[in-house]
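Engineer: As they're listed, the protein sequences go chains A and B. For the first sequence, counting from 1, position 121 maps to 121 in my numbering; every step adds exactly one. With positions in the second sequence counted from 1, the corresponding number in my numbering is that position plus 472.
Don't read these hints as lab results, they were simulated from the structure. There could be a bad hint or two in this list.
[What the hints assert, rightly or not] Listed next, with one range per pair, are the computed distances between beta-carbon atoms: (1) A:62 x B:613: 35 to 41 Å; (2) B:613 x A:228: 53 to 59 Å; (3) A:66 x B:579: 42 to 48 Å; (4) B:617 x A:47: 43 to 49 Å; (5) A:401 x B:684: 22 to 28 Å; (6) B:558 x A:152: 45 to 51 Å; (7) B:617 x A:74: 20 to 26 Å; (8) A:346 x B:706: 39 to 45 Å; (9) B:505 x A:163: 38 to 44 Å; (10) B:524 x A:182: 50 to 56 Å; (11) A:66 x B:533: 26 to 32 Å; (12) A:253 x B:514: 38 to 44 Å; (13) B:706 x A:228: 39 to 45 Å; (14) A:163 x B:617: 48 to 54 Å.
[As the list claims (entries may be wrong)] Some chain A residues flagged as far from chain B (calculated, every beta-carbon gap over 12 Å): (15) 48; (16) 74; (17) 151; (18) 154; (19) 203; (20) 210; (21) 286; (22) 311.
[To be verified] Selected chain A positions facing chain B (in silico; Cβ < 7 Å): (23) 148; (24) 152; (25) 153; (26) 410.
C-beta: ideal position from N, C-alpha, C; glycine also.
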Amino acid sequence: MQGDRIQPIAPIEPVLKPGHTYASISDKISDIVVKRKTTLGWFLGFGIAFSLTMVLFASITYLFIKGVGIWGVDIPVAWGFAIINFVWWIGIGHAGTLISAFLLLMRQDWRTSINRFAEAMTLFAVACAGLFPILHLGRPWLFYWLIPYPNTMGLWPQFRSPLDWDFFAVSTYATVSLLFWYIGLIPDVASLRDRTEKRLPRLIFGIMALGWRGSAQHWHRFQMAYLLMAGLATPLVVSVHSIVSIDFAAAIIPGWHSTIFPPYFVIGAIFSGFAMVLTLAIPLRRFFGLQDFVTLRHINIMAKLLLLMGLGVSYGYLMELFMAWYSGDQFETYVSLNRLTGPYWPIFAGVIACNVLAPQLLWFPRVRTNTLALFGVALIVNVGMWLERFMIVVTSLHRDFLPSSWGMYRPTFWDWSTFLGTLGLFFTLFFLFVRVLPMIPMFEMRELLTHREGHTREEQQKLAVEPEGSVA
Amino acid sequence: MMSDEQQSLPSHVQIDEQPLQRQQLFHPRANTVAKVSIIGGLLAVALAFFLWGVYTRSPYYTGATVTVDQPVPFSHKHHVGELGIDCRMCHTSVEQSASAGMPATQTCMTCHSQIWANSPVLAPVHESFRSGVPIAWNRVYELPGYVYFNHSIHVQKGIGCVSCHGQIDEMPLTAKAVPLTMQWCLNCHRAPEKYIRPRDEVFNTRWVAQDQLTQGRKLVDDYHIVAGGRLTNCSICHR
Numbered sequence: 001m002q003g004d005r006i007q008p009i010a011p012i013e014p015v016l017k018p019g020h021t022y023a024s025i026s027d028k029i030s031d032i033v034v035k036r037k038t039t040l041g042w043f044l045g046f047g048i049a050f051s052l053t054m055v056l057f058a059s060i061t062y063l064f065i066k067g068v069g070i071w072g073v074d075i076p077v078a079w080g081f082a083i084i085n086f087v088w089w090i091g092i093g094h095a096g097t098l099i100s101a102f103l104l105l106m107r108q109d110w111r112t113s114i115n116r117f118a119e120a121m122t123l124f125a126v127a128c129a130g131l132f133p134i135l136h137l138g139r140p141w142l143f144y145w146l147i148p149y150p151n152t153m154g155l156w157p158q159f160r161s162p163l164d165w166d167f168f169a170v171s172t173y174a175t176v177s178l179l180f181w182y183i184g185l186i187p188d189v190a191s192l193r194d195r196t197e198k199r200l201p202r203l204i205f206g207i208m209a210l211g212w213r214g215s216a217q218h219w220h221r222f223q224m225a226y227l228l229m230a231g232l233a234t235p236l237v238v239s240v241h242s243i244v245s246i247d248f249a250a251a252i253i254p255g256w257h258s259t260i261f262p263p264y265f266v267i268g269a270i271f272s273g274f275a276m277v278l279t280l281a282i283p284l285r286r287f288f289g290l291q292d293f294v295t296l297r298h299i300n301i302m303a304k305l306l307l308l309m310g311l312g313v314s315y316g317y318l319m320e321l322f323m324a325w326y327s328g329d330q331f332e333t334y335v336s337l338n339r340l341t342g343p344y345w346p347i348f349a350g351v352i353a354c355n356v357l358a359p360q361l362l363w364f365p366r367v368r369t370n371t372l373a374l375f376g377v378a379l380i381v382n383v384g385m386w387l388e389r390f391m392i393v394v395t396s397l398h399r400d401f402l403p404s405s406w407g408m409y410r411p412t413f414w415d416w417s418t419f420l421g422t423l424g425l426f427f428t429l430f431f432l433f434v435r436v437l438p439m440i441p442m443f444e445m446r447e448l449l450t451h452r453e454g455h456t457r458e459e460q461q462k463l464a465v466e467p468e469g470s471v472a
Numbered sequence: 473m474m475s476d477e478q479q480s481l482p483s484h485v486q487i488d489e490q491p492l493q494r495q496q497l498f499h500p501r502a503n504t505v506a507k508v509s510i511i512g513g514l515l516a517v518a519l520a521f522f523l524w525g526v527y528t529r530s531p532y533y534t535g536a537t538v539t540v541d542q543p544v545p546f547s548h549k550h551h552v553g554e555l556g557i558d559c560r561m562c563h564t565s566v567e568q569s570a571s572a573g574m575p576a577t578q579t580c581m582t583c584h585s586q587i588w589a590n591s592p593v594l595a596p597v598h599e600s601f602r603s604g605v606p607i608a609w610n611r612v613y614e615l616p617g618y619v620y621f622n623h624s625i626h627v628q629k630g631i632g633c634v635s636c637h638g639q640i641d642e643m644p645l646t647a648k649a650v651p652l653t654m655q656w657c658l659n660c661h662r663a664p665e666k667y668i669r670p671r672d673e674v675f676n677t678r679w680v681a682q683d684q685l686t687q688g689r690k691l692v693d694d695y696h697i698v699a700g701g702r703l704t705n706c707s708i709c710h711r
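All chains should be built: construct the whole structure from the sequences, respecting the hints.
Structural biologist: Structure representation (structure tokens):
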């Protein structure tokens, strides 16, 4: 391979570091759950996240007592942090589905070691996202009116409204993601059941494993179910955020009423999702010593995808500005000008800096394989995508057609506490997840080993004989 | 249902290199428990929804057909059905205003200063007459604050008293005749021709239509009731 070719700057690492056996894979991953002691670092991280979760609960309680007036929302900006955070969280989930379902169907073997925690990330992000549309209702206890059921009011929901499609999209997404994640867990919780000494965890894992014995029939049905679920989940990568975008695009507000919104939102969602996967993967592999399974090859590929998606959203920004000019529409033009030079210009500048400029660093292989630098870029993109949603929601609303109805939106303490609280909820769930469940699918890693043994000599060499890498 | 059978693994899968010698985790009956709990759980959820639907439609929840205690056991059956007193004798504002109006004690005393003047049953009426404090009747048709019901428009457009209040002339004690759910309101608002009657017959509790639909369609037309949208617009009842 090296021969007369140019030596790549960062050598391509295998998706699984050489030297592993079936047993060593299972040991290494399951020991984190069943053998290792809970570390002080875990307690520290969990403690911080859990405190923030309590802040969330306090904020929600106060919200339910006082109503949405405690937030900064008002007319004309009636959609504030709640919708910004909703779109942000739901977007983050998308990378998990893309990795787990779409890449499974595409037979991308590098998805294997990251799919479990990416799916967990999806689930927890959807849980955080799902809170917001309910919280922002004036009468949140009546949210079930979105469900079409034979009621004594003689009414159906407004099926022509994207807000109702949104409800179906998000609840379908949550259900399918949960099922997909759970089905994928079954062989692994069975392994945990067989490896745990204590009775109570054995019982819990035993119940979760649904009687898994690993028979050929079990594997056959499992593979079929997993593939079918992947097929069901794949359209959701595109459909959920398309519908979220139609929540906006169906309105006639300049800055929202745009046909580019569905693809623009989907790409933005995957962009922010990959940023979050990297934000989680880089510390995880370090703290739990999983560099053998989540190798620099994974990191490198995800960084490339992050760059690709970053270019996608950049195209979206460019098109928005271009269409504002090309349409000649006075209001569209004004929205763009207002974003650039109006009172919220720092938001726009932040969006461009974080989502367009920062990912350009990923052209350099040195940045892609330097986990610290990449972690920084991923964090910046997370922030940038949140700012983008702020830009879309607030700058479009705060100056609409009539100058007499213009206004400003300023988040209050409770806006911030609710947002930070969901971050706490997300990380609380994530800390619990890495402690009680295998964060990397053991059986799929073992399968990877099998496939490798079956491959040709050349491919084997490519996978296994690569140098350990100049960076680690 | 757990590892109670021998393990048969495909060649490439090894779950454990050192199988632990343990007693069985689950009894064979766990199989049944698992199946029953999966199916039973789904059935329980379905049943809960069904019972909720039954409950919200039951008189226990809607109050339909349930009599309400009153300070005086006033009988519409006696006054309307047997004596033939017109509704408007007591509910004077029903044709002009949103509220049908409750009679002043003086209205009762028109007759009851002479008839049953010393009856202990009517003591609250006489007490009210003496003190000038109105009788505190208990509301039978309670609508939420966000429903702006107007009696006069319904009376003017040919909706009979009994359409909502039932055979009031046969009620010894007054009860809500209908569930008063929004669905019930919409039944008429979506198809007024099924319930409308000539204006002259609004207060006639005994009126029966000959051919309701044919006549109803004509009346809807005659009274300029714009069906199909207007009547089911949210702000017709909610402002």
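Engineer: For which of the previously enumerated hints does the structure constitute a violation, in increasing order of number?
Structural biologist: Of the numbered hints given earlier, those the structure breaks are 5, 6, 10, 14, 17, 18, 19, 20, 23 and 26, listed in rising order.
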